[in-house]
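Enquirer: Residue numbers (this note's numbering), protein chains in the order written: chain A, 1 to 229; chain B, 1 to 229; chain C, 1 to 229; chain D, 1 to 229.
Hints are computed from structural coordinates only; laboratory data are not their basis. Just so you know, not all the hints are guaranteed correct.
Which copy is meant is left open, so a pair is good if it fits within one copy or across any two.
With a straight-line cut-off of 20 Å between C-alpha atoms, the simulated SDA-like cross-links for lysine to any residue are [to be verified]: (1) K141 - Q84; (2) K179 - G65; (3) K179 - G104; (4) K141 - A28; (5) K25 - F70.
There are 4 protein chains.
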Amino acid sequence: MTADPGIARREGVPLPATEDVAWDKAAASIVRAGRRMDERGWVPATAGNLSVRLADGRIAVTRSGGHKGFLTTDSVIEVNLNGQPLHEGDRPSAETLLHCQIYGHFPDAGAVLHGHSVASTVLSMTSDDAALHLENYEVLKVFEGQTTHATRLAVPMFANDQNIPRLSRSVALYLDETKAGYIIRGHGVYVWGPDMAIALARLEGLEFLLSCELERRKLLSAIPVRDVT
Amino acid sequence: MTADPGIARREGVPLPATEDVAWDKAAASIVRAGRRMDERGWVPATAGNLSVRLADGRIAVTRSGGHKGFLTTDSVIEVNLNGQPLHEGDRPSAETLLHCQIYGHFPDAGAVLHGHSVASTVLSMTSDDAALHLENYEVLKVFEGQTTHATRLAVPMFANDQNIPRLSRSVALYLDETKAGYIIRGHGVYVWGPDMAIALARLEGLEFLLSCELERRKLLSAIPVRDVT
Amino acid sequence: MTADPGIARREGVPLPATEDVAWDKAAASIVRAGRRMDERGWVPATAGNLSVRLADGRIAVTRSGGHKGFLTTDSVIEVNLNGQPLHEGDRPSAETLLHCQIYGHFPDAGAVLHGHSVASTVLSMTSDDAALHLENYEVLKVFEGQTTHATRLAVPMFANDQNIPRLSRSVALYLDETKAGYIIRGHGVYVWGPDMAIALARLEGLEFLLSCELERRKLLSAIPVRDVT
Amino acid sequence: MTADPGIARREGVPLPATEDVAWDKAAASIVRAGRRMDERGWVPATAGNLSVRLADGRIAVTRSGGHKGFLTTDSVIEVNLNGQPLHEGDRPSAETLLHCQIYGHFPDAGAVLHGHSVASTVLSMTSDDAALHLENYEVLKVFEGQTTHATRLAVPMFANDQNIPRLSRSVALYLDETKAGYIIRGHGVYVWGPDMAIALARLEGLEFLLSCELERRKLLSAIPVRDVT
Numbered sequence: 001m002t003a004d005p006g007i008a009r010r011e012g013v014p015l016p017a018t019e020d021v022a023w024d025k026a027a028a029s030i031v032r033a034g035r036r037m038d039e040r041g042w043v044p045a046t047a048g049n050l051s052v053r054l055a056d057g058r059i060a061v062t063r064s065g066g067h068k069g070f071l072t073t074d075s076v077i078e079v080n081l082n083g084q085p086l087h088e089g090d091r092p093s094a095e096t097l098l099h100c101q102i103y104g105h106f107p108d109a110g111a112v113l114h115g116h117s118v119a120s121t122v123l124s125m126t127s128d129d130a131a132l133h134l135e136n137y138e139v140l141k142v143f144e145g146q147t148t149h150a151t152r153l154a155v156p157m158f159a160n161d162q163n164i165p166r167l168s169r170s171v172a173l174y175l176d177e178t179k180a181g182y183i184i185r186g187h188g189v190y191v192w193g194p195d196m197a198i199a200l201a202r203l204e205g206l207e208f209l210l211s212c213e214l215e216r217r218k219l220l221s222a223i224p225v226r227d228v229t
Numbered sequence: 001m002t003a004d005p006g007i008a009r010r011e012g013v014p015l016p017a018t019e020d021v022a023w024d025k026a027a028a029s030i031v032r033a034g035r036r037m038d039e040r041g042w043v044p045a046t047a048g049n050l051s052v053r054l055a056d057g058r059i060a061v062t063r064s065g066g067h068k069g070f071l072t073t074d075s076v077i078e079v080n081l082n083g084q085p086l087h088e089g090d091r092p093s094a095e096t097l098l099h100c101q102i103y104g105h106f107p108d109a110g111a112v113l114h115g116h117s118v119a120s121t122v123l124s125m126t127s128d129d130a131a132l133h134l135e136n137y138e139v140l141k142v143f144e145g146q147t148t149h150a151t152r153l154a155v156p157m158f159a160n161d162q163n164i165p166r167l168s169r170s171v172a173l174y175l176d177e178t179k180a181g182y183i184i185r186g187h188g189v190y191v192w193g194p195d196m197a198i199a200l201a202r203l204e205g206l207e208f209l210l211s212c213e214l215e216r217r218k219l220l221s222a223i224p225v226r227d228v229t
Numbered sequence: 001m002t003a004d005p006g007i008a009r010r011e012g013v014p015l016p017a018t019e020d021v022a023w024d025k026a027a028a029s030i031v032r033a034g035r036r037m038d039e040r041g042w043v044p045a046t047a048g049n050l051s052v053r054l055a056d057g058r059i060a061v062t063r064s065g066g067h068k069g070f071l072t073t074d075s076v077i078e079v080n081l082n083g084q085p086l087h088e089g090d091r092p093s094a095e096t097l098l099h100c101q102i103y104g105h106f107p108d109a110g111a112v113l114h115g116h117s118v119a120s121t122v123l124s125m126t127s128d129d130a131a132l133h134l135e136n137y138e139v140l141k142v143f144e145g146q147t148t149h150a151t152r153l154a155v156p157m158f159a160n161d162q163n164i165p166r167l168s169r170s171v172a173l174y175l176d177e178t179k180a181g182y183i184i185r186g187h188g189v190y191v192w193g194p195d196m197a198i199a200l201a202r203l204e205g206l207e208f209l210l211s212c213e214l215e216r217r218k219l220l221s222a223i224p225v226r227d228v229t
Numbered sequence: 001m002t003a004d005p006g007i008a009r010r011e012g013v014p015l016p017a018t019e020d021v022a023w024d025k026a027a028a029s030i031v032r033a034g035r036r037m038d039e040r041g042w043v044p045a046t047a048g049n050l051s052v053r054l055a056d057g058r059i060a061v062t063r064s065g066g067h068k069g070f071l072t073t074d075s076v077i078e079v080n081l082n083g084q085p086l087h088e089g090d091r092p093s094a095e096t097l098l099h100c101q102i103y104g105h106f107p108d109a110g111a112v113l114h115g116h117s118v119a120s121t122v123l124s125m126t127s128d129d130a131a132l133h134l135e136n137y138e139v140l141k142v143f144e145g146q147t148t149h150a151t152r153l154a155v156p157m158f159a160n161d162q163n164i165p166r167l168s169r170s171v172a173l174y175l176d177e178t179k180a181g182y183i184i185r186g187h188g189v190y191v192w193g194p195d196m197a198i199a200l201a202r203l204e205g206l207e208f209l210l211s212c213e214l215e216r217r218k219l220l221s222a223i224p225v226r227d228v229t
């Protein structure tokens with residue numbers, strides 16, 4: 001066991017009382033969440049990223065590249081609110097800025113999850129609407145401030161853009177009214193919450209509802225065509 | 001090991017001969033059923049709830065909130081037939097009343113399961129019918145009193161309602177004729193049986209049949225449209 | 001350890017050299033196959049059944065009832081070629097006759113699997129054809145005697161019937177020409193092979209192809225309707 | 001431990017320092033990849049095959065037959081660049097030639113994966129196009145040389161052919177421009193990369209995109225038909 005906390009952060013190594021327990025718990029929750037997302041098929045190839053903001057304000061985020069279903073605590077690095085890594089040689093994903101944007105905008109945000117699903121990809125690429133509207137589902141109650149199914153939440157959809165700072169400026173215009181996360185077209189969803197458990201529950205809730213929406217659209221064609229010109 | 005049965009009920013702790021073995025078995029069956037439902041995607045976010053009625057009449061039900069795929073025996077609390085918790089500080093879900101309604105109505109009911117599936121959600125939100133009709137499926141034989149596929153069972157569908165007592169009054173009108181469980185639109189299914197194993201089998205059977213129904217409706221559009229006005 | 005081989009057959013109990021090793025291997029292969037089928041969703045509720053014919057001619061089949069995904073070696077009983085149990089008190093499923101029919105008809109048959117899938121259920125209930133025709137798939141090579149994709153196999157579909165002897169008489173007419181198994185409408189598939197590994201591979205192959213067929217039929221509606229009368 | 005490296009290659013057997021560590025790592029990566037592909041349903045029946053090229057140029061490939069989800073290191077044999085086995089009695093699949101073709105054509109190729117999915121099978125059998133075109137997906141960035149979603153990759157589709165040398169001559173014409181793998185109609189995909197991890201990531205990426213394409217085609221029918229002649 002060396003004095004280097006980086007080496008000490010290996011998963012499964014028992015930590016002496018002076019080590020970074022808070023960091024290790026955060027990293028471990030990211031590793032577990034990545035496995036959960038992988039079981040659902042939401043982190044295909046090396047897509048997706050996950051982050052947690054610790055109580056002391058530090059931000060833990062997944063490194064660039066690497067499969068998010070097979071993370072180890074070494075896959076988790078620290079960045080500041082501008083998305084810059086604190087340790088030399090660490091490379092965060094370009095999308096880290098989108099995680100930091102949420103932490104900067106919402107003081108209570110404690111975890112941010114980004115995944116790719118077939119439902120979010122297909123719905124966002126086959127609709128020109130500015131947002132998907134989810135209405136009347138009981139599962140809407142998993143999102144912040146929602147206490148009934150009898151409501152209608154908008155999930156904004158933004159054009160994909162490899163220029164992440166530019167993309168984040170589009171997102172910024174809608175963050176205040178975003179209750180259920182947002183979608184980047186052909187790219188996936190961003191969901192957050194006060195901690196990892198709630199963020200994961202909201203991601204599950206959103207993906208469940210997107211699957212329902214996709215199935216409903218496939219049923220539209222089951223209506224016999226009677227009106228034609 | 002203390003004298004507090006609440007603390008003694010931790011999963012995996014060997015119990016002295018005087019402890020509440022019946023309760024622990026009931027709680028453990030709920031934990032396992034929650035995992036099974038989660039594997040199938042039937043308890044997304046913090047949705048769903050599970051209960052068991054013990055031989056001595058006590059009712060064990062899942063606490064409000066919390067993910068039903070990751071239950072521990074601490075997640076299981078006791079309520080009376082009116083859905084009120086027996087231990088101070090315990091908070092049951094509002095839907096506990098629907099579980100208790102089944103125990104009150106059916107003397108032989110020993111377990112009640114409530115899950116959310118894409119199929120039940122989509123079918124109930126795209127049909128105005130008062131019930132889904134399942135006909136000619138061999139799997140219908142898993143439901144009470146059914147001995148042949150050559151039958152037709154109705155699965156009543158009720159409008160969702162955050163006022164659970166009011167919702168239960170609608171349900172009460174149809175319980176006697178409900179053989180395969182019922183659906184709350186956009187909310188999920190309620191299924192029961194004399195014990196957890198049979199309740200789980202019936203939940204699986206119903207969800208299997210709802211998946212078949214959803215697929216059949218998607219095939220309707222495969223019929224070339226030839227008659228138009 | 002008693003002299004009763006029935007009690008000695010508990011899974012995980014080490015067997016003395018004189019015990020029924022062949023039976024235990026057969027029972028264990030059935031337990032594993034049941035888990036595999038359950039992972040794929042092919043044994044919902046208590047549906048499905050599995051059997052193996054040992055080298056000495058004995059037939060091991062799953063008991064009536066019970067979930068086929070959670071079998072133990074106690075779930076496996078012996079029957080004769082007429083489907084009758086050899087031990088008093090053992091109750092085989094009524095469908096055991098369909099397993100025995102295959103063993104009687106095909107001297108090389110060593111394992112028979114019956115599962116329920118959404119694809120086989122939906123395809124068989126939405127088509128009036130006497131058989132499903134599978135053509136040009138590479139996976140057709142997993143069936144007996146097939147060496148190319150450039151072929152067309154018929155999967156006969158029989159009306160469901162609670163009178164199993166009567167159903168088996170319909171099946172008997174087509175067994176010789178059945179290369180990829182058969183379907184009972186709204187009830188599921190029957191597949192067999194010289195041993196459990198090949199039977200499982202053929203079941204997987206058939207279900208894969210049925211899934212492909214179901215998806216193709218859903219795509220039919222993607223063709224813009226231009227010809228109408 | 002004998003002198004026969006074949007017997008020494010059993011998974012889980014600790015190897016003395018003089019044994020073939022590089023081979024064992026390659027074989028183990030093939031076994032793990034087969035399990036991963038099986039979890040996703042991409043190696044149904046005994047379909048699919050996997051290979052790795054070691055740093056010293058040796059090619060390790062899965063034997064003919066056998067279920068690719070249940071491989072052991074004994075399932076992995078050595079072949080030369082012409083697809084011929086190095087050890088007497090070893091039987092490689094006929095498709096081994098397609099793996100070797102990639103190793104011969106691309107000096108940097110280190111792993112080749114061939115799987116069968118419902119999406120690739122159905123899309124390739126319901127389209128007469130010479131290739132599938134994938135456009136605007138973020139996940140396209142997992143393929144070689146791709147740095148943006150704003151691109152369009154062609155996935156060539158070749159007619160199936162039991163004469164593998166003849167099939168490989170068709171493939172040879174398109175290999176240089178193949179960035180995301182290729183499809184054999186009704187047969188599955190071929191994907192490769194500099195090592196197993198990247199090959200697996202690209203296979204996942206391609207299958208994710210094919211699933212998106214299949215869902216999009218099913219949505220086409222959701223557009224109300226208004227123009228008819």
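Enquirer: With reference to the structure, classify each hint as holding or not holding.
Expert: Taking the hints in turn, this is what the structure says about them:
no., hint, in the structure
1, K141 - Q84, "neither (35 Å within a copy, 22 Å between copies)"
2, K179 - G65, "between (29 Å within a copy, 19 Å between copies)"
3, K179 - G104, "within (16 Å within a copy, 39 Å between copies)"
4, K141 - A28, "neither (28 Å within a copy, 28 Å between copies)"
5, K25 - F70, "both (17 Å within a copy, 18 Å between copies)"
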